[in-house]
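Each chain, written out:
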Amino acid sequence: MTMPFYVAPEQVMKDRADYARKGIARGRSLAGLVYDDGVLICAENQSRSLHKVSEIYDHIAFAGVGRYNEFDSLRTAGVRLADRPRYS
Amino acid sequence: MTLPSFPPGDDPGPSFSTLLRRSGQEPLRVQTETAFTPTHGTTIVALRYADGVVMAGDRRATEGYAIAHRSIEKVFPADRHSGVSIAGAAGPAMEMVKLFQTELEHYEKVEGLALSLEGKANKLGQMIRDNLPMAMQGLAVVPIFAGFDLRRQKGRIFKYDLTGGRYEEDDFHANGSGGRDARTTIKLGWREGIDRAAAIELAIGGLYEAADEDSATGGPDVVRGIYPTVATVTTDGFDRVPEDEVAQRFTSLIEHKREEGHQP
Numbered sequence: 001m002t003m004p005f006y007v008a009p010e011q012v013m014k015d016r017a018d019y020a021r022k023g024i025a026r027g028r029s030l031a032g033l034v035y036d037d038g039v040l041i042c043a044e045n046q047s048r049s050l051h052k053v054s055e056i057y058d059h060i061a062f063a064g065v066g067r068y069n070e071f072d073s074l075r076t077a078g079v080r081l082a083d084r085p086r087y088s
Numbered sequence: 001m002t003l004p005s006f007p008p009g010d011d012p013g014p015s016f017s018t019l020l021r022r023s024g025q026e027p028l029r030v031q032t033e034t035a036f037t038p039t040h041g042t043t044i045v046a047l048r049y050a051d052g053v054v055m056a057g058d059r060r061a062t063e064g065y066a067i068a069h070r071s072i073e074k075v076f077p078a079d080r081h082s083g084v085s086i087a088g089a090a091g092p093a094m095e096m097v098k099l100f101q102t103e104l105e106h107y108e109k110v111e112g113l114a115l116s117l118e119g120k121a122n123k124l125g126q127m128i129r130d131n132l133p134m135a136m137q138g139l140a141v142v143p144i145f146a147g148f149d150l151r152r153q154k155g156r157i158f159k160y161d162l163t164g165g166r167y168e169e170d171d172f173h174a175n176g177s178g179g180r181d182a183r184t185t186i187k188l189g190w191r192e193g194i195d196r197a198a199a200i201e202l203a204i205g206g207l208y209e210a211a212d213e214d215s216a217t218g219g220p221d222v223v224r225g226i227y228p229t230v231a232t233v234t235t236d237g238f239d240r241v242p243e244d245e246v247a248q249r250f251t252s253l254i255e256h257k258r259e260e261g262h263q264p
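Chains as they are written, first to last, in this note's numbering: chain W, 1 to 88; chain G, 1 to 264.
Hint data in this document are derived by calculation from the structure and do not stem from the laboratory. Mixed in with the good hints, there may be bad ones.
Distance condition first, Cα-Cα at most 20 Å in a straight line; then the derived SDA-like pairs of lysine to any residue [what the hints assert, rightly or not]:
id: 1; chain 1: G; residue 1: K187; chain 2: G; residue 2: G165
id: 2; chain 1: G; residue 1: K98; chain 2: W; residue 2: D72
id: 3; chain 1: G; residue 1: K154; chain 2: G; residue 2: R191
id: 4; chain 1: G; residue 1: K98; chain 2: G; residue 2: R191
id: 5; chain 1: G; residue 1: K98; chain 2: G; residue 2: A66
id: 6; chain 1: G; residue 1: K123; chain 2: G; residue 2: R22
id: 7; chain 1: G; residue 1: K123; chain 2: W; residue 2: R84
id: 8; chain 1: G; residue 1: K123; chain 2: G; residue 2: T163
id: 9; chain 1: W; residue 1: K22; chain 2: W; residue 2: I56
id: 10; chain 1: G; residue 1: K98; chain 2: W; residue 2: K22
id: 11; chain 1: G; residue 1: K159; chain 2: G; residue 2: R129
id: 12; chain 1: G; residue 1: K159; chain 2: G; residue 2: L115
id: 13; chain 1: G; residue 1: K98; chain 2: W; residue 2: A82
id: 14; chain 1: G; residue 1: K98; chain 2: G; residue 2: I67
id: 15; chain 1: G; residue 1: K98; chain 2: W; residue 2: F5
id: 16; chain 1: G; residue 1: K98; chain 2: G; residue 2: V110
id: 17; chain 1: G; residue 1: K257; chain 2: G; residue 2: R240
id: 18; chain 1: G; residue 1: K187; chain 2: G; residue 2: E201
id: 19; chain 1: W; residue 1: K22; chain 2: W; residue 2: L81
id: 20; chain 1: G; residue 1: K123; chain 2: G; residue 2: R191
id: 21; chain 1: G; residue 1: K123; chain 2: W; residue 2: G64
id: 22; chain 1: G; residue 1: K123; chain 2: W; residue 2: N45
id: 23; chain 1: G; residue 1: K257; chain 2: G; residue 2: V223
id: 24; chain 1: G; residue 1: K154; chain 2: W; residue 2: Y87
id: 25; chain 1: G; residue 1: K154; chain 2: G; residue 2: V110
id: 26; chain 1: G; residue 1: K98; chain 2: W; residue 2: N45
id: 27; chain 1: G; residue 1: K159; chain 2: G; residue 2: V110
id: 28; chain 1: G; residue 1: K154; chain 2: G; residue 2: L115
id: 29; chain 1: G; residue 1: K187; chain 2: G; residue 2: T163
id: 30; chain 1: G; residue 1: K159; chain 2: G; residue 2: L113
id: 31; chain 1: G; residue 1: K154; chain 2: G; residue 2: D171
id: 32; chain 1: G; residue 1: K98; chain 2: W; residue 2: I56
id: 33; chain 1: G; residue 1: K98; chain 2: W; residue 2: G64
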């Protein structure tokens with residue numbers, strides 16, 4: 001049985017934070033703010049086909065920056081999670 | 001709470017029905033061993049006019065020779081620019097409409113764009129085909145799908161058979177037990193480019209004649225104030241015609257019949 005190398009827990013957390021930070025370091029800005037009637041989401045996007053802001057359910061929106069495939073699979077999972085109970 | 005995520009080979013994609021199946025739910029499936037009489041929805045009509053389509057349906061549901069319900073709804077919005085009306089076994093039909101509405105919205109959200117009108121019509125065809133085992137048990141659902149095609153800028157009507165076959169009708173269609181009478185009435189009055197008022201009059205005229213000939217089709221119920229459901233689908237979207245307007249048009253239709261000498 002092989003034993004994994006010992007890595008300090010602080011180092012593990014730092015590595016994870018670095019990994020996440022690197023993922024969004026080159027992403028274009030996204031802002032979300034609350035106002036009187038609801039929330040406003042605004043994002044820079046140069047692509048016509050890849051959407052940063054989208055709908056999860058009637059009153060729930062989603063916006064993300066970073067690696068597209070990663071936040072898109074999170075978004076799709078959110079849509080599925082919201083739609084499934086609506087039918088059953 | 002865990003997020004519904006699937007390995008790449010099992011990913012349901014934008015299909016909501018497949019998502020349900022992958023999650024262990026089988027939509028539209030009832031297993032019956034004994035024969036029974038389900039509740040049936042009856043006559044529905046759809047016709048094309050200058051601005052789009054008019055859809056209408058009577059309000060009666062039957063169980064054999066008995067009236068099961070007097071004010072059932074048979075015309076529903078499918079999404080912003082399309083509608084679906086149902087004839088056949090009422091329970092599975094309602095479930096199919098609910099599934100279809102969710103399916104269209106789910107697709108639009110996952111993919112980021114709506115299906116074309118033909119794509120939506122195909123999707124409904126698949127759902128009817130999936131329902132074939134139930135249809136063989138006597139729970140047949142035969143809807144009419146109609147909508148405004150934003151690409152072609154015109155109204156379009158699709159009819160179906162039990163096996164999910166999808167056929168586009170050029171101008172009008174009627175279905176259900178009184179469908180034949182309604183269709184004949186509409187056929188005699190339909191003209192290319194008729195306006196909204198004439199189209200609604202024709203639709204309710206068709207339903208009136210169907211109710212006159214077919215016991216399973218409900219006519220205007222002036223005592224209870226129940227009138228057929230009428231809706232239009234145009235470039236502005238799906239829009240229910242207010243019940244007052246439908247009632248008024250029925251009143252003038254009946255007056256017109258009296259003037260012509262028909263006995264009430």
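Results of checking the hints against the structure:
| no. | hint | in the structure |
| --- | --- | --- |
| 1 | G:K187 <-> G:G165 | violated (23 Å) |
| 2 | G:K98 <-> W:D72 | violated (26 Å) |
| 3 | G:K154 <-> G:R191 | holds (15 Å) |
| 4 | G:K98 <-> G:R191 | violated (34 Å) |
| 5 | G:K98 <-> G:A66 | violated (26 Å) |
| 6 | G:K123 <-> G:R22 | holds (18 Å) |
| 7 | G:K123 <-> W:R84 | holds (18 Å) |
| 8 | G:K123 <-> G:T163 | holds (13 Å) |
| 9 | W:K22 <-> W:I56 | violated (26 Å) |
| 10 | G:K98 <-> W:K22 | violated (43 Å) |
| 11 | G:K159 <-> G:R129 | holds (13 Å) |
| 12 | G:K159 <-> G:L115 | holds (18 Å) |
| 13 | G:K98 <-> W:A82 | holds (15 Å) |
| 14 | G:K98 <-> G:I67 | violated (24 Å) |
| 15 | G:K98 <-> W:F5 | violated (54 Å) |
| 16 | G:K98 <-> G:V110 | holds (18 Å) |
| 17 | G:K257 <-> G:R240 | violated (26 Å) |
| 18 | G:K187 <-> G:E201 | holds (13 Å) |
| 19 | W:K22 <-> W:L81 | violated (28 Å) |
| 20 | G:K123 <-> G:R191 | violated (30 Å) |
| 21 | G:K123 <-> W:G64 | violated (30 Å) |
| 22 | G:K123 <-> W:N45 | violated (32 Å) |
| 23 | G:K257 <-> G:V223 | holds (19 Å) |
| 24 | G:K154 <-> W:Y87 | violated (31 Å) |
| 25 | G:K154 <-> G:V110 | violated (27 Å) |
| 26 | G:K98 <-> W:N45 | violated (35 Å) |
| 27 | G:K159 <-> G:V110 | violated (27 Å) |
| 28 | G:K154 <-> G:L115 | holds (16 Å) |
| 29 | G:K187 <-> G:T163 | violated (26 Å) |
| 30 | G:K159 <-> G:L113 | violated (25 Å) |
| 31 | G:K154 <-> G:D171 | holds (11 Å) |
| 32 | G:K98 <-> W:I56 | holds (18 Å) |
| 33 | G:K98 <-> W:G64 | violated (30 Å) |
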